[in-house]
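Visitor: Please model the complete structure; the sequences and the hints are all you need to start from.
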Amino acid sequence: MKRLFVSLIVATVWLAMASVVRATDSPMPREWTVDGVVREALVYAPANARTVPAPVVFVFHGHGGNMHNTVRTFGIHTRWPEAIVVYPQGLKTPGRLTDPEGKKPGWQHGTGAQGDRDLKFFDAMLESLKKDYKVNDKRIFSTGHSNGGGFTYLLWAARGDKFAAFAPSAAACTFTTKLKPKPVIHFAGETDPLVKFAWQKNTIDALLKLNQCGEGQPWDGVTLCTLYPSKISAPVVTFIHPGNHKFHEDSPAVMVKFFKEQTK
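In terms of numbering that gives the first Met the number 0, the sequence shown opens at residue 0 and continues consecutively.
Don't take every hint at face value.
Per label pair, the in silico range of CB-to-CB distance [stated by the list, open to error]:
| # | residue 1 | residue 2 | range |
| --- | --- | --- | --- |
| 1 | Ala-197 | Pro-28 | 36 to 44 Å |
| 2 | Pro-99 | Pro-217 | 35 to 43 Å |
| 3 | Met-27 | Lys-137 | 22 to 30 Å |
| 4 | Pro-80 | Arg-158 | 23 to 31 Å |
| 5 | Pro-228 | Leu-193 | 14 to 22 Å |
The list that follows gives simulated cross-link-like pairs (lysine to aspartate or glutamate, EDC-like), each with its CA atoms no further than 16 Å apart [what the hints assert, rightly or not]:
| # | residue 1 | residue 2 |
| --- | --- | --- |
| 6 | Lys-200 | Glu-189 |
| 7 | Lys-137 | Glu-126 |
| 8 | Lys-91 | Glu-126 |
| 9 | Lys-130 | Asp-34 |
| 10 | Lys-137 | Glu-81 |
| 11 | Lys-256 | Glu-81 |
| 12 | Lys-181 | Asp-136 |
| 13 | Lys-119 | Asp-24 |
| 14 | Lys-119 | Asp-249 |
| 15 | Lys-177 | Asp-160 |
| 16 | Lys-179 | Asp-204 |
| 17 | Lys-133 | Glu-81 |
| 18 | Lys-177 | Asp-204 |
| 19 | Lys-259 | Asp-219 |
| 20 | Lys-91 | Asp-115 |
| 21 | Lys-245 | Asp-204 |
| 22 | Lys-161 | Asp-136 |
| 23 | Lys-161 | Glu-126 |
| 24 | Lys-91 | Glu-39 |
| 25 | Lys-230 | Asp-249 |
| 26 | Lys-161 | Glu-189 |
| 27 | Lys-259 | Glu-81 |
| 28 | Lys-256 | Asp-219 |
Hints were generated in silico from the structure; no laboratory data involved. Quick caveat, the model's predicted, so the values are computed rather than measured. Backbone N, C-alpha and C fix where the C-beta goes; we use that ideal spot for every residue, glycine too.
Guide: Right, here's the structure in full:
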């Protein structure tokens with residue numbers, strides 16, 4: 000009976016420890032005050048991030064989305080547990096294609112918009128991550144869907160020197176002339192009714208020219224992907240699926256594969 004009692008105690012302690020480990024494996028809420036406004040994000044950091052240089056991935060939700068849903072749909076931290084992954088929360092923002100009154104959260108569309116509040120938010124997040132963890136400066140990445148993909152393009156234009164590569168989804172860029180060559184994978188649906196595929200195709204064509212890319216070829220056998228090798232080590236990969244504006248379920252695994260191959 001005594002042995003059984005001890006075994007039950009050990010089992011209880013083990014289960015408690017396991018639950019703690021699982022809890023710490025989940026992104027945790029953090030706050031920053033930017034221009035007097037409290038900003039939020041869910042942040043995952045590997046256990047050794049204070050001693051071992053870690054890549055960083057910023058993941059931006061679409062207009063009307065939120066950081067909790069982004070954790071569920073992207074799940075980058077589950078696919079790349081060695082990386083620090085940040086899921087920021089946007090503020091109410093007038094949309095260009097929907098929600099013109101700005102009742103839903105999103106991200107600024109261009110430099111100077113909303114007082115550059117979201118670019119400043121990014122700066123604050125990155126600065127604090129570098130203070131708290133050992134960040135690998137050569138492996139910082141950004142991705143996002145729809146408005147979040149558009150903000151990823153804005154980060155490329157305004158903070159491009161900070162990043163190794165980008166992975167926008169269901170987004171178009173109207174300021175490609177402001178971009179400097181960087182590796183990129185672009186995700187697009189051929190029947191997207193919101194961010195028209197033709198607009199995204201124009202963006203992709205501009206990126207191919209910017210990055211001095213050659214003819215497309217299959218990319219490591221990854222379905223729906225085409226690799227365009229670059230003369231200046233800035234490859235472009237496209238993930239073109241037959242769907243609409245919805246975030247494609249295979250996108251996270253593919254973007255992690257792409258990110259792992261890139262370094263600044």
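Visitor: Taking the hints in turn, state whether each one holds.
Guide: Evaluation of the provided hints:
1. Range check, Ala-197 to Pro-28: about 39 Å between beta-carbon atoms, so the 36 to 44 Å window is met.
2. Restraint check, Pro-99 to Pro-217: a C-beta distance of roughly 42 Å satisfies the suggested window 35 to 43 Å.
3. Take Met-27 and Lys-137: their Cβ atoms lie about 25 Å apart, and the range 22 to 30 Å holds.
4. Between Pro-80 and Arg-158 the beta carbons are some 26 Å apart, a value that agrees with the proposed interval 23 to 31 Å.
5. At roughly 31 Å, the beta-carbon separation of Pro-228 and Leu-193 lies outside the given 14 to 22 Å, and the hint is violated.
6. Of the pairs offered as hints, the one joining Lys-200 and Glu-189 holds, with about 10 Å between alpha carbons and a cut-off of 16 Å not exceeded.
7. Distance restraint check for Lys-137 and Glu-126: the Cα-Cα separation of roughly 15 Å lies within the 16 Å cut-off, and the hinted pair is therefore satisfied.
8. Taken as a hint, the Lys-91 and Glu-126 pair is broken in the structure, with Cα atoms around 24 Å apart against an allowance of 16 Å.
9. Note on Lys-130 and Asp-34: the hinted pairing is violated, with a Cα-Cα distance of about 20 Å set against a maximum of 16 Å.
10. Among the hinted pairs, Lys-137 with Glu-81 is consistent with the structure: their alpha-carbon atoms are about 15 Å apart, no more than 16 Å.
11. In summary, the hint linking Lys-256 to Glu-81 is supported, as the alpha carbons are separated by about 13 Å, within the 16 Å threshold.
12. For the suggested pair Lys-181 and Asp-136, the alpha carbons sit about 15 Å apart, so the restraint of at most 16 Å is met.
13. For the given pair, Lys-119 sits about 28 Å from Asp-24 by alpha-carbon distance, which is inconsistent with the 16 Å threshold.
14. Straight-line distance between C-alpha atoms of Lys-119 and Asp-249 comes to about 31 Å, which puts the hinted pair past the 16 Å bound.
15. Annotation: proposed proximity of Lys-177 to Asp-160 holds, straight-line Cα distance about 12 Å (limit 16 Å).
16. Under the criterion of a C-alpha separation no larger than 16 Å, the hint pairing Lys-179 with Asp-204 is consistent with the structure, at around 15 Å.
17. Taking the CA atoms of Lys-133 and Glu-81, the gap is about 12 Å. The hint holds against a cut of 16 Å.
18. Between Lys-177 and Asp-204 the alpha-carbon distance is near 15 Å, which keeps this suggested pair within the 16 Å criterion.
19. With a CA separation close to 14 Å, the supplied pair Lys-259 and Asp-219 stays within the 16 Å bound.
20. A distance of roughly 14 Å separates the Cα atoms of Lys-91 and Asp-115; the hinted pair therefore holds under the 16 Å criterion.
21. Straight-line distance between C-alpha atoms of Lys-245 and Asp-204 comes to about 22 Å, which puts the hinted pair past the 16 Å bound.
22. As the CA atoms of Lys-161 and Asp-136 are separated by approximately 7 Å, the hinted pair is consistent with the 16 Å bound.
23. A C-alpha spacing of about 11 Å is found between Lys-161 and Glu-126, which places the hinted pair at or below 16 Å, so the restraint holds.
24. The straight-line distance between the Cα atoms of Lys-91 and Glu-39 is roughly 13 Å, inside the 16 Å bound, and the hint therefore holds.
25. At most 16 Å may separate the alpha-carbon atoms for a hinted pair to count; Lys-230 and Asp-249 exceed this at roughly 28 Å.
26. Between Lys-161 and Glu-189, the direct Cα distance comes to roughly 31 Å. Violation of the 16 Å bound is thereby established for this hinted pair.
27. Between Lys-259 and Glu-81 the CA atoms are separated by roughly 11 Å; this keeps the pair inside 16 Å, and the hint holds.
28. Under the criterion of a C-alpha separation no larger than 16 Å, the hint pairing Lys-256 with Asp-219 is consistent with the structure, at around 10 Å.
The structure shown violates the earlier hints numbered 5, 8, 9, 13, 14, 21, 25 and 26.
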